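Colleague: Here is how the chains run, residue by residue.
2 protein chains.
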Amino acid sequence: MQQESGRRSNRDRTEATRSDLIRAARKLFTEKSYAETGTPEIVAEAGVTRGALYHHFADKQALFAAVAEQEAAAVAAEIDDAAPPSLVPRDALIAGSDAYLAAMRLPGRTRLLLLDGPAVLGRVAMDAIDNRHGNRSLREGLVAAMRAQAITRLPVEALTALLAAAFDRAALAIEAGGSAEDYRAVLMALTDGLAPVPHRAPAPARTR
Amino acid sequence: MQQESGRRSNRDRTEATRSDLIRAARKLFTEKSYAETGTPEIVAEAGVTRGALYHHFADKQALFAAVAEQEAAAVAAEIDDAAPPSLVPRDALIAGSDAYLAAMRLPGRTRLLLLDGPAVLGRVAMDAIDNRHGNRSLREGLVAAMRAQAITRLPVEALTALLAAAFDRAALAIEAGGSAEDYRAVLMALTDGLAPVPHRAPAPARTR
DNA sequence: TTCATCACATACAGTCTGTATGTAAGCGCA
DNA sequence: TGCGCTTACATACAGACTGTATGTGATGAA
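If you read the protein sequences in the order shown, they are chains E and L. Per our numbering, the very first residue in the first sequence carries number 1; after that it's consecutive. Per our numbering, the very first residue in the second sequence carries number 1; after that it's consecutive.
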């Protein structure tokens with residue numbers, strides 16, 4: 001049998017160290033904040049030295065980006081679990097919304113993804129992360145709802161971004177002590193308000 | 001006549017120095033970012049020393065807070081100018097929205113108020129600033145619209161916050177190159193969607 | 001006029017970030 | 001199986017920044 005900690009392939013070492021660093025950084029970034037967390041503290045928590053950090057990541061920002069990407073993926077996974085494509089659009093939207101708000105209750109996640117993320121990486125980079133994960137299912141849900149005529153046709157990118165922004169703010173407000181029911185009610189009202197109005201002349205040009 | 005720079009009352013000196021510091025900080029915070037701007041640079045721009053800064057402000061954050069407060073007030077003033085209370089609620093909302101988006105086009109304002117602000121001061125402190133300035137008119141407009149039965153009754157705090165979040169994100173997206181028309185259209189659709197559906201029994205209990 | 005206070009300027013201590021350099025272990029190759 | 005190159009770090013260093021402590025001249029009240 002081989003020794004306890006000897007004989008590790010370089011690939012394994014790299015993977016383990018990177019993962020340790022990301023885990024340690026995630027812990028501190030969520031407990032405190034990006035600005036209040038120093039690299040000496042991160043590497044101490046990870047059990048390595050700053051040399052390792054700067055070997056694997058270009059700088060502190062790059063490490064933060066890796067953490068943010070992982071958190072965004074985790075949130076997206078929770079949403080996809082709760083809102084399978086078998087649901088009709090409106091139910092999927094509701095289930096997805098609730099799953100999102102529930103996922104964002106994990107301590108420190110809102111600050112990491114919604115406050116520090118945009119400030120540290122910029123909105124553009126943060127949008128890229130969101131589009132790779134969370135926003136994707138939202139946009140697909142909206143497109144499906146439009147196709148099913150459940151909501152009026154609107155520019156998809158803009159609609160996705162603005163609804164996502166409302167969800168984000170709701171998550172922040174709830175964490176700050178706001179009434180979850182209030183925010184949920186408003187979110188529902190906002191999305192339901194997008195339903196095409198059936199009582200006005202029922203789209204004569206369209207049905208003709 | 002009195003000398004050029006001699007004979008100034010302490011109150012005048014304080015006011016002038018504080019104002020110089022805020023102006024210099026605003027310039028740099030909007031050109032770069034909070035994190036990328038050091039206090040040595042700020043005081044150089046203001047023509048004073050770091051001693052003056054730390055005499056008037058507890059720390060760099062406090063200076064930032066003063067700048068954010070001023071910017072928020074400036075934005076609110078532009079909105080109030082464009083949306084006088086003489087307008088009917090819906091027109092006031094539209095005029096206010098457009099004024100907000102226009103005001104946020106001033107370079108660096110979105111980053112200062114929408115990215116750095118929440119990250120540096122926290123959402124709670126930023127909400128306090130918003131409520132003292134911009135959000136106030138929005139909330140009043142929404143309350144008026146509810147009273148006029150122009151929109152359905154919803155929790156006011158939550159509705160204000162979520163609509164404001166959508167406006168904020170729109171401002172960021174437009175600055176990042178997004179289509180202003182698209183975002184405007186979605187914002188209008190979101191607010192118009194809040195109109196009560198009139199074919200349902202028109203509030204009989206109330207009119208009785 | 002005198003003395004306390006104010007509005008700064010200067011000097012200092014501690015910490016952090018990023019880089020440059022050194023080293024031992026892995027790894028392709030003859 | 002030995003040899004040289006590269007990888008994965010650890011250590012040392014330079015520069016910058018933040019906040020504080022101290023010193024000083026102008027101001028203002030008594």
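One or more hints might be untrue.
Where chains are identical, the list cannot tell them apart; a pair therefore holds if satisfied intra-copy or between any two copies.
Subject to a maximum C-alpha distance of 25 Å in a straight line, what follows is the list of computed DMTMM-like cross-link-like pairs (lysine to aspartate or glutamate) [unchecked claim]: (1) LYS60 <-> GLU41; (2) LYS60 <-> ASP91; (3) LYS27 <-> GLU140; (4) LYS27 <-> ASP182; (5) LYS60 <-> GLU78; (6) LYS60 <-> ASP81; (7) LYS60 <-> GLU15; (8) LYS60 <-> GLU36; (9) LYS32 <-> ASP59; (10) LYS60 <-> ASP192; (11) LYS60 <-> GLU31; (12) LYS32 <-> GLU157; (13) LYS27 <-> GLU45; (14) LYS27 <-> ASP192; (15) LYS60 <-> ASP182; (16) LYS32 <-> ASP81; (17) LYS27 <-> GLU15.
These aren't lab readings, by the way, just hints derived from the structure by calculation. Note that this is a predicted model, so its numbers are computed, not measured.
Colleague: Are the hints correct? Go through all of them and say.
Modeller: Against the structure, the hints come out as follows:
Taking the shortest Cα distances, LYS60 and GLU41 sit within 25 Å of each other both inside one copy (12 Å) and across copies (23 Å). For the homomeric pair LYS60 and ASP91, neither the shortest alpha-carbon distance inside one copy (41 Å) nor that between copies (47 Å) is at most 25 Å. Within a single copy, LYS27 and GLU140 get their C-alpha atoms no closer than 32 Å, and across copies no closer than 41 Å, so neither meets the 25 Å cut-off. Taking the closest pair of Cα atoms, LYS27 and ASP182 never come within 25 Å of each other, the shortest separation being 31 Å inside a single copy and 39 Å across copies.
Proximity of LYS60 and GLU78 under a CA criterion of 25 Å is satisfied in neither setting, with 28 Å inside one chain copy and 39 Å between copies. Within a single copy, LYS60 and ASP81 get their C-alpha atoms no closer than 32 Å, and across copies no closer than 44 Å, so neither meets the 25 Å cut-off. With identical chains, the CA atoms of LYS60 and GLU15 are at most 25 Å apart within one copy only, with a shortest distance of 18 Å there and 39 Å across copies. Taking identical chains as interchangeable, the C-alpha atoms of LYS60 and GLU36 lie at most 25 Å apart whether they share a chain (12 Å) or sit on different chains (14 Å).
In this assembly of identical chains, LYS32 and ASP59 lie within 25 Å of each other by CA distance both inside one copy and across copies; the values are 19 Å within and 19 Å between. In the homo-oligomer, the alpha carbons of LYS60 and ASP192 never lie at most 25 Å apart, since the shortest distance is 42 Å inside one protomer and 44 Å across protomers. Both within a single protomer and between protomers do LYS60 and GLU31 lie at most 25 Å apart by alpha-carbon distance, with minima of 17 Å and 22 Å respectively. For the identical chains of this complex, LYS32 and GLU157 are neighbours neither inside a copy (33 Å) nor across copies (28 Å), given an alpha-carbon limit of 25 Å.
Taking the shortest alpha-carbon separations for LYS27 and GLU45, only the intra-copy value of 9 Å comes in at or below 25 Å, while the best inter-copy value is 38 Å. In the homo-oligomer, the alpha carbons of LYS27 and ASP192 never lie at most 25 Å apart, since the shortest distance is 38 Å inside one protomer and 43 Å across protomers. For the homomeric pair LYS60 and ASP182, neither the shortest alpha-carbon distance inside one copy (38 Å) nor that between copies (36 Å) is at most 25 Å. Taking the shortest Cα distances, LYS32 and ASP81 never come within 25 Å of each other, neither inside one copy (29 Å) nor across copies (41 Å).
In this assembly of identical chains, the alpha carbons of LYS27 and GLU15 lie at most 25 Å apart only when taken from the same copy (18 Å versus 44 Å across copies).
Checked against the numbered hints given earlier, this structure breaks hints 2, 3, 4, 5, 6, 10, 12, 14, 15, 16; the rest are met.
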